[in-house]
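Q: Chains as they are written, first to last, in the UniProt record's numbering: chain E, 1 to 292; chain B, 1 to 292.
No lab work stands behind these hints: they were computed from the structure.
Fair warning: there could be bad hints in the mix.
To be verified - Computed list of chain E residues with no C-beta within reach of chain B, every gap over 10 Å: (1) Leu10; (2) Ala163; (3) Arg252.
Claimed, not checked - Simulated DEER-style distance windows between Cβ atoms: (4) Ala89(B) - Ala89(E): 51 to 61 Å; (5) Pro17(B) - Pro255(E): 24 to 34 Å; (6) Gly42(B) - Ser47(E): 15 to 25 Å; (7) Thr12(E) - Trp87(B): 12 to 22 Å; (8) Ala268(B) - Gly164(E): 31 to 41 Å.
For glycine and all other residues, C-beta sits at the position ideal for the given N, C-alpha and C.
There are 2 protein chains.
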Amino acid sequence: MTEADFLARLRTLPLHPGAQGLTDDTAALAGLTITTDTLVEGIHFLSADPPQDVAWKLVATNLSDLAAKGAIVEGILLNYPLGDETWDAAFLDGLSEVLTELDCPLLGGDTVTLPANAPRILTVTAFGRDAPAPPRSGAKAGDALYVTGTIGDAGAGLAIARAGTGDPELLARYRRPVPRLADGRALAPRVNAMMDLSDGLLIDASRMAAASALAVTIDLAAVPLARGVSDPLAAATAGDDYELLFAAPADRALPVPATRVGTFTPGAGLTLTQDNRLIPLPASLGYQHGLR
Amino acid sequence: MTEADFLARLRTLPLHPGAQGLTDDTAALAGLTITTDTLVEGIHFLSADPPQDVAWKLVATNLSDLAAKGAIVEGILLNYPLGDETWDAAFLDGLSEVLTELDCPLLGGDTVTLPANAPRILTVTAFGRDAPAPPRSGAKAGDALYVTGTIGDAGAGLAIARAGTGDPELLARYRRPVPRLADGRALAPRVNAMMDLSDGLLIDASRMAAASALAVTIDLAAVPLARGVSDPLAAATAGDDYELLFAAPADRALPVPATRVGTFTPGAGLTLTQDNRLIPLPASLGYQHGLR
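For reference, chain E alone in the conformation it holds in the complex:
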């Protein structure tokens, strides 16, 4: 079953009001903003990735969802599969680093054993408070679409991780993304819609447009690229960047640096341009679970 089919079925079950119809990346409960993400060995990280980096990424990707809501980090739960002594010890080292550096205390969790040769599957559930929580669905016709930072860095970093050689800065963007917690907190009260970029600029922008019942046009020439990244279409369909994607009136002053990459208009769907020419949409707009 695809993620979309599964979600459609879930929406027919008894839903909590805080689930917000399962249309967003976070739930709201008792003043908390709550999000959960699972990472799978061989899907979201490579078996050869250092366990310290897996711990970092697991926590950082969850906190990135809180960043997109402008939340203050409260803490995390960890669901961990016990394995060999060396991997577990290295993971704990990375966990200590990321919890300390991102000021995120541990609230609890669960440990399990896996059958022999099973891939590691790790889950974190993250809690934030005091979030202005701009929804994914709040973009208005005429709003500009912005991203923080540069796009496609993690995709380039993944290629470097697979090749075993390349720019260490891009590799770090793949292995140790830094959630934009301070930027998200500054932006959240001033934007109409916001989400983090986890599956790719094109697919995530499409999701924001669909949730907002609007069309969106993205100008590939405007997509901000890091040094060493040259293909804007590849960058815009690669995931794992954990930058912030947001909609705001084009004339609104922004409290943090961001790049305008597109515009919301009445209608539906995604249009891609480059230097005022229409560009055909690629076969895949980004990463979709259950499709590979």
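Given chain E, work out where chain B should sit, using these hints.
A: Chain B only, in chain E's frame:
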């Protein structure tokens, strides 16, 4: 690494005050009681178990932790590995049943894809409110140790599931445990310590005694057994019963039926008796992750 070693390392990391030193089954945050449990195919459930029952058990085992705190159920998050259409559809049927019957709305979650042939790993995080939350560590010297219901039913049910034939009531106790939410809510304000029985009576009672810095003596002859269960030692070391285990003064009136199976005394460790004779402790007191 064993669960105990891993937990000891986690306790050296930055902990949230609501983690309560990672000594309990639940965390406390913003007036909520929070718990999370992961079920692994081949470890916590059999590949041949009906997906509907796996969904039931996944939710029920989490709500059992809330029951032990006397919480009112608020809702759950689900982390789900998308698989084949048939299994997913059957799981959703069971999920619908358990959420409806236990009055537990869905708050959100995450879906992932797994590599080919990977065992299913499913996580639920459950939220409750207004919990008196008796701790695991609150037993007092002289307190009686009680359990609700009967013990070893799920262990017998697992044997039936493996054999493919046997008493359907015992099988249901393994596949569809019913969390004692109403009993837990009635008991929680009147007991000194409480937890749910997930890993086995002997190991869980030992954990309550250790957390309370006391010794505990259990009388095997007093262990309440279901019809069709005859070996009290096997029953007391089998897991998955999801009954409530609690400590209260022996002269305190209880609001729900329960059986006294032991006594807390000053000291440390577990002593086992049967008809006033000392019984040697078995090699394994119950289920421990990371040890098999």
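Q: Now tell me, hint by hint, if it's right for this structure.
A: These are the hints, each one checked on the structure:
A beta-carbon of chain B is positioned within 10 Å of the beta-carbon of Leu10(E); the least distance is around 6 Å. Against the 10 Å criterion, Ala163(E) stays outside the reach of chain B, whose nearest CB is about 21 Å from its own CB. With 10 Å as the threshold on Cβ separation, the claim that Arg252(E) sits away from chain B holds: the shortest Cβ distance comes to roughly 30 Å. Between Ala89(B) and Ala89(E) the beta carbons are some 41 Å apart, a value that contradicts the proposed interval 51 to 61 Å.
Taking the beta carbon of each, Pro17(B) and Pro255(E) are about 31 Å apart, inside 24 to 34 Å as hinted. About 20 Å separates the C-beta atoms of Gly42(B) and Ser47(E), a value consistent with the hinted range of 15 to 25 Å. The hint said 12 to 22 Å for the Cβ distance between Thr12(E) and Trp87(B), and at roughly 18 Å that hint holds. The supplied range of 31 to 41 Å is broken by Ala268(B) and Gly164(E), whose beta-carbon atoms lie about 53 Å from each other.
Hint compliance for this structure: hints 1, 4, 8 are not met, and every other hint is.
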